Amino acid sequence: MSEAMATRTPTISVRNLRKKFRVSNSAIGGLKTLLLWWKKRSVREFEVLKGLDFDCYPGECVSVIGRNGAGKSTLLAILARVYRQTSGEVKVNGRIAPLLELGAGFHPDLTGMENIIFNGVVLGLTRKQIRERIPQIIEFSELGDSINSPVRSYSSGMLARLGFAVAIHVDADILLVDEVLSVGDYAFEQKCYDRVDRFRKEGGTILMVSHNLQAVERFSDRCVWLRDGQMVMSGLPDDVLAAYLKDQVSAQVAETEAPE
Amino acid sequence: MKEELRELWRYRELLFTIVERDLRIRYKNSALGFLWSLIIPIVTTGVLTFVYGYLANNGVSNFSAYVMAAYLPYLFFQQSILDSAQSVLSQVPLIKKIYFPRELLPLGIIIANFIHLLLGWLVFFAFLGFIYLRNPQVNPFQLSTIQLPLLMLISLFLSTGLGLIVSALNTFYEDVKYLTGVAMYLLFFLSPITYTSETVAYSNINQRTNGMLFSLYHLNPIAALSTGYRQALLAPASITIGNTTHPPIGMKPMYLYIAAAVSVVVLIGGYAMFNRMKWRFVERP
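Heads up: the sequence lines are chains W and D, in that order.
What the first sequence shows, in the working numbering, is residues 1 to 260, in sequence order.
What the second sequence shows, in the working numbering, is residues 1001 to 1285, in sequence order.
Since the hints were made in silico from the structure, they are not lab data.
Hints may be right or wrong, so weigh each one.
What the hints assert, rightly or not - Using 20 angstroms as the maximum straight-line C-alpha spacing, the simulated SDA-like pairs for lysine to any residue come out as follows:
1. W:K50 <-> W:K246
2. W:K128 <-> D:L1015
3. W:K20 <-> D:K1028
4. W:K20 <-> D:N1206
5. W:K91 <-> W:F54
6. W:K246 <-> W:R222
7. W:K191 <-> W:F54
8. W:K91 <-> D:Y1099
9. D:K1028 <-> W:V23
Model, not experiment: these values are computed from the prediction.
The whole structure should be built from the sequences, with the hints applied where relevant.
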């Protein structure tokens, strides 16, 4: 982190962030279970995030890497306010547009156009503002006349394009990206990356989770490595990626050697 | 709760959009679309007029209007709560991806149903106009109709409070949906909708208990509201039980005050309960 950055106010500030999930052993938390086995209910708790501290600054792209189950997606979901943290502090300065799963907020029976309006409003625009942006969104999504068909008739690529187009046009200050930029064809992917670059130059913050280490290397200014809900390392992508890969290889070696 | 209300206000634009979306989806794939919201009350009025005019005439002229006056608000109440039950559960995939105040889901559905109630009243007053045209000697319109907005406000509070409770509980325990269905079904018969509160007042059992049953019966806010709507919208009617005709008796306003108080308590309690549970919706097992 440069000196200039340290003096600016962070757009995301996380202090000692913890998240516990409670999992009950019965598959469905039915009324029967609640009434009959109130005492015997065995609830297992597990901690997904065990005290995280980090900051993100305007214009920065931070990527979070780590193996499956390290807590990356949970972290993004907490920042997107889908989950509430068990303890710790999360300060967000500005508007967040989460891209946790493309097209997830779409209603299949509504047309693409109606979904644009709904999603835009969910992301914090007024209906008037979103109507003004509809031409740009349609153009970016390359959907053409399909915009007036119900979303259930869309292919996954079309859904992805529409979802990204909406998220990038809502004037968010922070983009949360969970492994979604690699959908769509090559040309569209490039267009997304260009748009993301522009977003950053304009002072937007990006926090992304990716297993695509090339994308991480290309885009991020900083890289955070999570393991079992704790930060292992944070720093320049080159350094963190090198350490992460080395760790992955030695873990694999240990695994193959273990049975002997 | 203050903080929650402020957040709700910030998201008011989304509330309108959810209401609009709900109204759109409801008739999305039907040819007649929004007209269905008018056709259903029109057909109901027609059938009720035939049934109570010819098949089950109880001596009250235009009894179908008396039934509609209580049935339309009951329909709003029932539909709001049954729809609320599924409102959060059906949107779990959405709320796992994006934040907005979760209460917007049941609230939007309740408001959409409220709009249907307004359309229902439109049909109701058109029907009164029709009655008037057929027999201009008697004016069916009552001055006390001005109480209608107040009554609807009580209905709205009660439905919203219960809707919030049911939607929160049903997200974790899906039996709640079926329990509510049964409760709504029974409540229909336990409230003066297809009969009048006079019938209850003049019943043998009520006479024997010195009117205690009548009082107990109207502690049910839906019973008090049903009679309240009927009294506000229509002229009092005398009823015939056996061979004796009884003069109409008015329900004391006290029962409506009780219903109003219960509604406010249910609304505040329901919202508090919803807020306590809403962060766990996405973590449901």
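Taken at face value, is the distance from the CA of R222 of chain W to the CA of K246 of chain W at most 20 angstroms?
-> Distance of about 18 angstroms is within 20 angstroms: holds.
20 angstroms Cα cutoff - pair K50 of chain W, K246 of chain W: violated, 24 angstroms
**Q.** Holds or violated: K91 of chain W to Y1099 of chain D, with C-alpha atoms at most 20 angstroms apart
**A.** holds, 15 angstroms
Just to be careful, I want the Cα atoms of K20 of chain W and K1028 of chain D compared with a cutoff of 20 angstroms; is the pair within it? Distance ~41 angstroms between K20 of chain W and K1028 of chain D Cα, so the pair is violated.
**OP:** Verify the proposed pairing of K1028 of chain D with V23 of chain W, using a straight-line Cα cut of 20 angstroms.
**Re:** Not satisfied, since the Cα-Cα distance of roughly 39 angstroms exceeds 20 angstroms.
**Item:** Given pair status - F54 of chain W, K91 of chain W, alpha carbons within 20 angstroms
**Value:** holds, 11 angstroms
*For the pair we were handed, K20 of chain W and N1206 of chain D, check the Cα-Cα distance against 20 angstroms.*
violated, 57 angstroms
### Query
Regarding the pair K191 of chain W and F54 of chain W, is the alpha-carbon distance no greater than 20 angstroms?
violated, 30 angstroms
Taking 20 angstroms as the top limit, are the C-alpha atoms of K128 of chain W and L1015 of chain D close enough? At roughly 15 angstroms apart (the allowed maximum being 20 angstroms), L1015 of chain D and K128 of chain W satisfy the hint.
Violation of the numbered hints given earlier is confined to hints 1, 3, 4, 7, 9; the remaining hints are satisfied by the structure.
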